[in-house]
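Go by the hints and put chain B onto chain A.
First to last, the sequence lines map onto chains A and B.
So for the first sequence, my numbering puts the first residue at 324; every next one is plus one.
So for the second sequence, my numbering puts the first residue at 6; every next one is plus one.
Misleading hints may appear alongside valid ones.
A partial selection of chain B residues facing chain A, derived with a Cβ cut-off under 7 Å [as the list claims (entries may be wrong)]:
id, residue
1, 242
2, 287
3, 302
4, 353
5, 370
6, 374
7, 402
Listed next, the in silico DSS-like pairs over lysine-lysine satisfying Cα-Cα at most 27 Å (straight line) [what the hints assert, rightly or not]:
id, chain 1, residue 1, chain 2, residue 2
8, A, 408, B, 293
9, A, 436, B, 317
10, B, 68, B, 621
11, B, 561, B, 515
12, B, 68, B, 443
13, B, 382, B, 317
14, B, 683, B, 673
15, B, 382, B, 515
16, B, 292, A, 408
17, A, 410, B, 68
18, B, 858, A, 410
19, B, 382, B, 292
20, B, 621, A, 410
21, B, 539, B, 443
22, B, 382, B, 293
23, A, 410, B, 295
24, A, 436, B, 278
25, B, 317, B, 278
26, A, 408, B, 295
27, B, 539, B, 621
28, B, 561, B, 113
29, B, 382, B, 295
30, B, 443, B, 561
31, B, 732, B, 561
32, B, 278, B, 68
33, B, 68, B, 113
34, B, 561, B, 68
These are computed hints drawn from the structure, not numbers from a lab.
None of these values were measured; they are calculated from a predicted model.
The beta carbon of each residue, even a glycine, is placed where N, CA and C say it ideally should be.
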Amino acid sequence: MKHLVRPWRRPVARVLVLAVALGSAPVCLAGQPPGPPSSPSTITASIDKAVHHELGQSAKASASPATVARQSGANAPSSGGSFFKSKAGIITTVLLAAGTGFALYSTSHDRVKSPQVPYGGTWK
Amino acid sequence: MKKIPATILLAVIALLVAVGASAQTQTGTIVGRVADEQGGVLPGVTVTLTGGRGSLTQVTDAKGEYRFQGLTPGEYEVTANLSSFAPRTERNLEVGLGKVLTVNLSLKLGGLSETVNVVTSSSTIDLTSPATETTISHDLLSSMPLNIGTFNTATALLNYSPGINNSSAFGGDASYGNALLMDGVDTRDPEAGSAWVFYNYNIVEEMQVAGVGAPAEYGGFSGAVINTITKSGSNVSHGLFEGRFTNSSLAGNNITSEQLTLNPALGQANQIKRLTDYTVQLGGPIKKDKAFWWASIQRYSFEQDPVGPRTKSTEVSPRYNGKVTVNLTPNDVLMGSIQYDNYNVTGRTGYPGTYSTDNQTVQEDSPETVWNVQYRKVFNSTTFLEAKVNGYGAYYNLDPVDHSPLHVDNDTGEYRGGAGSYYYAYRSRYQANVALSKYAEAFGTHNFKFGFEIERSSVHSQSEYSSCGSIGPCYFIDYSGVPTYAYSGLNYNVRSQNRRESYYAQDAWKKGRLTLNLGVRLDHIRGYSENLNKTVYSPQLAIGPRLGAVFDLTGKGNSVVRGFWGRYYEGASQSAFANAVGGYEDFVYYNVLPGNQFEEYDRATSLIYRMQSDPKHFGLNDTNVSFEQQVRRDMRFTVTGIWRDNMNFIESTLPDARWSPFPYVSPKPPGPTLTLYKWANRPASTTGSDYLIQNIDNFQFLDASGNPIAATAPYRSYRGAMFVLTKTMSHNWQGQFSYVWSHTTGNINNGGRSGFGGTGYENPVNAIVNTSGDVSNDFTHELKVMLGYTVPKVDLSINTYIRAVSGGTYTPVPSSTVSSRTLNWFSSLRPYLEPLGSYRYPMLETMDLRIEKAFRYGPHRISAWIDFGNLFNASTVTGVQTRYPNRTIAVVGGPSAVVLYDSPTIVTTPRQIMIGGRWTF
Chain A
324 MKHLVRPWRR
334 PVARVLVLAV
344 ALGSAPVCLA
354 GQPPGPPSSP
364 STITASIDKA
374 VHHELGQSAK
384 ASASPATVAR
394 QSGANAPSSG
404 GSFFKSKAGI
414 ITTVLLAAGT
424 GFALYSTSHD
434 RVKSPQVPYG
444 GTWK
Chain B
6 MKKIPATILL
16 AVIALLVAVG
26 ASAQTQTGTI
36 VGRVADEQGG
46 VLPGVTVTLT
56 GGRGSLTQVT
66 DAKGEYRFQG
76 LTPGEYEVTA
86 NLSSFAPRTE
96 RNLEVGLGKV
106 LTVNLSLKLG
116 GLSETVNVVT
126 SSSTIDLTSP
136 ATETTISHDL
146 LSSMPLNIGT
156 FNTATALLNY
166 SPGINNSSAF
176 GGDASYGNAL
186 LMDGVDTRDP
196 EAGSAWVFYN
206 YNIVEEMQVA
216 GVGAPAEYGG
226 FSGAVINTIT
236 KSGSNVSHGL
246 FEGRFTNSSL
256 AGNNITSEQL
266 TLNPALGQAN
276 QIKRLTDYTV
286 QLGGPIKKDK
296 AFWWASIQRY
306 SFEQDPVGPR
316 TKSTEVSPRY
326 NGKVTVNLTP
336 NDVLMGSIQY
346 DNYNVTGRTG
356 YPGTYSTDNQ
366 TVQEDSPETV
376 WNVQYRKVFN
386 STTFLEAKVN
396 GYGAYYNLDP
406 VDHSPLHVDN
416 DTGEYRGGAG
426 SYYYAYRSRY
436 QANVALSKYA
446 EAFGTHNFKF
456 GFEIERSSVH
466 SQSEYSSCGS
476 IGPCYFIDYS
486 GVPTYAYSGL
496 NYNVRSQNRR
506 ESYYAQDAWK
516 KGRLTLNLGV
526 RLDHIRGYSE
536 NLNKTVYSPQ
546 LAIGPRLGAV
556 FDLTGKGNSV
566 VRGFWGRYYE
576 GASQSAFANA
586 VGGYEDFVYY
596 NVLPGNQFEE
606 YDRATSLIYR
616 MQSDPKHFGL
626 NDTNVSFEQQ
636 VRRDMRFTVT
646 GIWRDNMNFI
656 ESTLPDARWS
666 PFPYVSPKPP
676 GPTLTLYKWA
686 NRPASTTGSD
696 YLIQNIDNFQ
706 FLDASGNPIA
716 ATAPYRSYRG
726 AMFVLTKTMS
736 HNWQGQFSYV
746 WSHTTGNINN
756 GGRSGFGGTG
766 YENPVNAIVN
776 TSGDVSNDFT
786 HELKVMLGYT
796 VPKVDLSINT
806 YIRAVSGGTY
816 TPVPSSTVSS
826 RTLNWFSSLR
836 PYLEPLGSYR
846 YPMLETMDLR
856 IEKAFRYGPH
866 RISAWIDFGN
876 LFNASTVTGV
886 QTRYPNRTIA
896 VVGGPSAVVL
906 YDSPTIVTTP
916 RQIMIGGRWT
926 F
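Looking at chain A on its own, in the form it has when it is part of the complex:
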């Protein structure tokens, strides 16, 4: 397994290094002997993923919690009480309140009420 180690700090430079690193790294299967270098399409896909990851984006709908915990910046969904003070937190709170409120209204308004309701398994 080949890899490059460079103590770069600027994200852009870091990305360039990553691209070089990915371009020169062979595919390695854990549990198997090192194989030949990956196909270009595999490396390209891996570079895309690596770049997005380095820039704080994730291929998934939600970012890796372990990775996000190391992120800094206003866009990271912060933990604890500080989240609700952020812009995303305020929007979330409004949506939650609206969604919950309408669901509670629907629970009462849309209820098909049977004339008989059981108590402890018996009807009265």
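The following block gives chain B in isolation, referenced to the frame of chain A:
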């Protein structure tokens, strides 16, 4: 040595070999070995596992190995530290439900710390489990067009798996034979085993569909198991906000003019008028690394023009979920969750089923609460304990909209009046599970698991016909519109309990390239009648051995052969002993006289059936062999041969009855003359002691002389070959392709709860006349394709689900019944005119499509999509009128129609477009 943080991304596709034992457990495991660059193991290495809810630390043993058990499925990273060596971290490690992930680390002397972001192939072979299973992640659930239309139940997801159609899994009973687990809570109806609790697919973290080759910790099913875990909070706030919508303007119409001519009642059949569904969801920390919360609120609202004479049916379901997780210590986790929802339905079919008019519908009021408390204790790297206490309480009331009594016309098949009865059901289920997992090394390695379960579930069902005036509750039997008979009584108020204790022990014993999976499950089941205050069902101890073997052909973990034999038993269910519980009223037969007068001519006293003293519980034998090959890092192929044979059928019988054969000329040409049977020695009145609920393996119907009429050995067998090719996301696309050939035969059908508490064996006309053949849910060919492609740079994804499945079977019956007087029986009957499954519906070929555009802003993903269900508006007939030569069916806004035999009554749902949007972070 100064640590200089450096982030190194490698184009390393680390094949993380998932060595999994299929498990009812809700957790996963990470194991691995730490070595130096020369391959020498490194003991004493500090290994730190970090996930969404904090960190755990271990020190590698003399072999350089570490093991983290009891992990909530999700994403993790592992860091190894040893003085004089550069620390190493691997990220993006995905732990799946019941899976064991192997992460081996190599440390370099001195130098800088290294971080590896693993680009996981995640297409991995399970090297130690003989089970064949499908895992559906939340990513798949949220990207595929799987939620079109009326999707609101877990059983709908089951049908996307290979080998499962119409909720019949590998030949099992449709809807009744499958175990449905939500965070370990069995959510089935304890009366017969159908789905009871419905839940929002957005709360699902991961879903596992298992059943073929399942180990001993799985029990209580005769089809398949859906094992679902729900989302939890973590150190980072995560949210989901989703809405989807469709209405009639986005619906197609697939009823052809030819189909409408054959059956005018089809009309605008099964059209969605409006569907709105939204979910708001959020989770996060209460206290970092110590306590977490998660909540979800959904409102699902659905209105349709159903198939048949009904014009409207609605469903509104507000649903609330909440969960709190507490790390008492890094090795002790306590979790509590609750779901409350209210299921409100109007326009549901009453007694006449799909022939119901609006007047014959019922309204449904159905609230439920599901609760769950779980505790996990990791004693050390080899020992792990799980304990759960959970259950649900619910009721389900069906009230008719029209309280007029029901009229059933035996000449025309028409229904008039109201739904005919109300039905009230109260259910509760309480369960406690304890399981101890132990890893040991002796003559290889062992993954032991020992478990104990207790279940107490209650069934309270009450029903009464609508009032017919002076005789009280009843329904009418008409002939050509003239009320001729009135059947009164048979109202019931039935109360029972299911009681079960289960024990299991299993081991995955690995020695070199061979793993032996040895296990046994013991189920002690009873049925208790509250009406009679006694145990009425006490089967023999159900002993379910499980024997499997897995062999790694090449030693590289990319090619395995599996073999398995096991015995499964169905869960505790009232259906096995319902007629022995009591709580039924007398059934009284009246002649209807002019002037609305009634004359009683017969009476069946309320019957409490006898129960065989020690029957064998219903179950099946499962044998399967499979071969699995890792084709590429992101692709694997599996071929599985499956043999299943049901056993220990339980039905009610009349052991002292004698039967006189007589010829019956089939009305359907060329139709052979059938032999039917008249009850030759029917007593003046029957009592409960005349009936016996028993295993029917050796039961025989006898003629008047006491000689056997015919061989009646009950059977139901499934033979299948399953081919599955799976590709995980790489090069912007992912997919699963499956083809299943199968053949299910029997003389016990699988269209419902047959062979497990049915009454078909009380009368030979129902039990042996043309009853052997291809069962209703026999699907010879099944092709399912799920494909997803993401257009790079524009983040536009196209996902499709293509399905081509052979039709199930149907069997003709006569329009005119054979009268009760001719049969000397309690009611008229309709015998099968040809062998079971003589005819088959056409092949169902549909394609669903989703086009989704996403926008990303840091961790935020906002997307909009459009779904096309049944993209090509296929108009496949999935139900026909089976009475020969015809049947009268009500038509809305017009005269009733005489619908010929074999005319369509149900057509697949037409094309439906749905739009949706989602914000997640």
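Going down the list of hints, with the structure as the test:
About 4 Å separates the beta-carbon of residue 242 of chain B from the nearest beta-carbon of chain A, less than 7 Å, and the hint is met. Because the smallest distance between the Cβ of residue 287 of chain B and any Cβ of chain A comes to about 6 Å, under 7 Å, the interface hint for this residue holds. About 5 Å separates the beta-carbon of residue 302 of chain B from the nearest beta-carbon of chain A, less than 7 Å, and the hint is met. With 7 Å as the threshold, the beta carbon of residue 353 of chain B stays out of range of chain A, its nearest partner Cβ sitting at about 10 Å, so the hint is violated.
A least Cβ separation of about 4 Å between residue 370 of chain B and chain A falls short of the 7 Å threshold, and the interface hint therefore holds. For residue 374 of chain B, the interface hint is violated, since its Cβ never comes within 7 Å of a Cβ in chain A; the closest pair sits about 13 Å apart. This hint holds: residue 402 of chain B has a C-beta 4 Å from the nearest C-beta of chain A, less than the 7 Å allowed. About 17 Å separates the Cα atoms of residue 408 of chain A and residue 293 of chain B, which keeps this hinted pair within 27 Å; it holds.
Our distance criterion of 27 Å between C-alpha atoms is met by residue 436 of chain A and residue 317 of chain B, whose separation comes to about 19 Å. Restraint check: the Cα-Cα separation between residue 68 of chain B and residue 621 of chain B comes to about 49 Å, which exceeds 27 Å; the hinted pair is violated. Proximity of residue 561 of chain B to residue 515 of chain B is assessed by CA-CA distance (about 15 Å); at most 27 Å being required, the pair is judged to hold. A C-alpha spacing of about 18 Å is found between residue 68 of chain B and residue 443 of chain B, which places the hinted pair at or below 27 Å, so the restraint holds.
With a C-alpha separation of about 52 Å, the suggested pair residue 382 of chain B and residue 317 of chain B falls outside the 27 Å cut-off, and the hint is violated. At most 27 Å may separate the alpha-carbon atoms for a hinted pair to count; residue 683 of chain B and residue 673 of chain B meet this at roughly 22 Å. Between residue 382 of chain B and residue 515 of chain B, the direct Cα distance comes to roughly 25 Å. Compliance with the 27 Å bound is thereby established for this hinted pair. Distance restraint check for residue 292 of chain B and residue 408 of chain A: the Cα-Cα separation of roughly 17 Å lies within the 27 Å cut-off, and the hinted pair is therefore satisfied.
In summary, the hint linking residue 410 of chain A to residue 68 of chain B is not supported, as the alpha carbons are separated by about 50 Å, beyond the 27 Å threshold. With a CA separation close to 23 Å, the supplied pair residue 858 of chain B and residue 410 of chain A stays within the 27 Å bound. Our distance criterion of 27 Å between C-alpha atoms is met by residue 382 of chain B and residue 292 of chain B, whose separation comes to about 20 Å. Restraint check for residue 621 of chain B and residue 410 of chain A: not satisfied, since their Cα atoms lie roughly 63 Å apart, outside the 27 Å limit.
Distance check on the hinted pair: residue 539 of chain B and residue 443 of chain B sit about 40 Å apart at the alpha-carbon level, beyond 27 Å; violated. A hinted pair counts as satisfied when its Cα atoms are at most 27 Å apart, and residue 382 of chain B with residue 293 of chain B qualifies at roughly 20 Å. The straight-line distance between the Cα atoms of residue 410 of chain A and residue 295 of chain B is roughly 26 Å, inside the 27 Å bound, and the hint therefore holds. Pair hint residue 436 of chain A plus residue 278 of chain B holds up; C-alpha atoms about 23 Å apart against a cutoff of 27 Å.
Taking the CA atoms of residue 317 of chain B and residue 278 of chain B, the gap is near 9 Å; set against the 27 Å cutoff, the hint holds. Distance check on the hinted pair: residue 408 of chain A and residue 295 of chain B sit about 22 Å apart at the alpha-carbon level, within 27 Å; holds. About 19 Å separates the Cα atoms of residue 539 of chain B and residue 621 of chain B, which keeps this hinted pair within 27 Å; it holds. For the suggested pair residue 561 of chain B and residue 113 of chain B, the alpha carbons sit about 25 Å apart, so the restraint of at most 27 Å is met.
Of the supplied pair hints, the one linking residue 382 of chain B and residue 295 of chain B holds, its CA atoms being roughly 15 Å apart against a limit of 27 Å. A threshold of 27 Å between alpha carbons decides the hint, and for residue 443 of chain B with residue 561 of chain B the separation of about 26 Å falls inside it, so the pair holds. Between residue 732 of chain B and residue 561 of chain B the CA atoms are separated by roughly 20 Å; this keeps the pair inside 27 Å, and the hint holds. In summary, the hint linking residue 278 of chain B to residue 68 of chain B is not supported, as the alpha carbons are separated by about 64 Å, beyond the 27 Å threshold.
At roughly 18 Å between alpha-carbon atoms, residue 68 of chain B and residue 113 of chain B fall within 27 Å of each other, so this suggested pair holds. For the proposed pair residue 561 of chain B and residue 68 of chain B, the alpha carbon gap of about 20 Å is at most 27 Å, so the pair holds.
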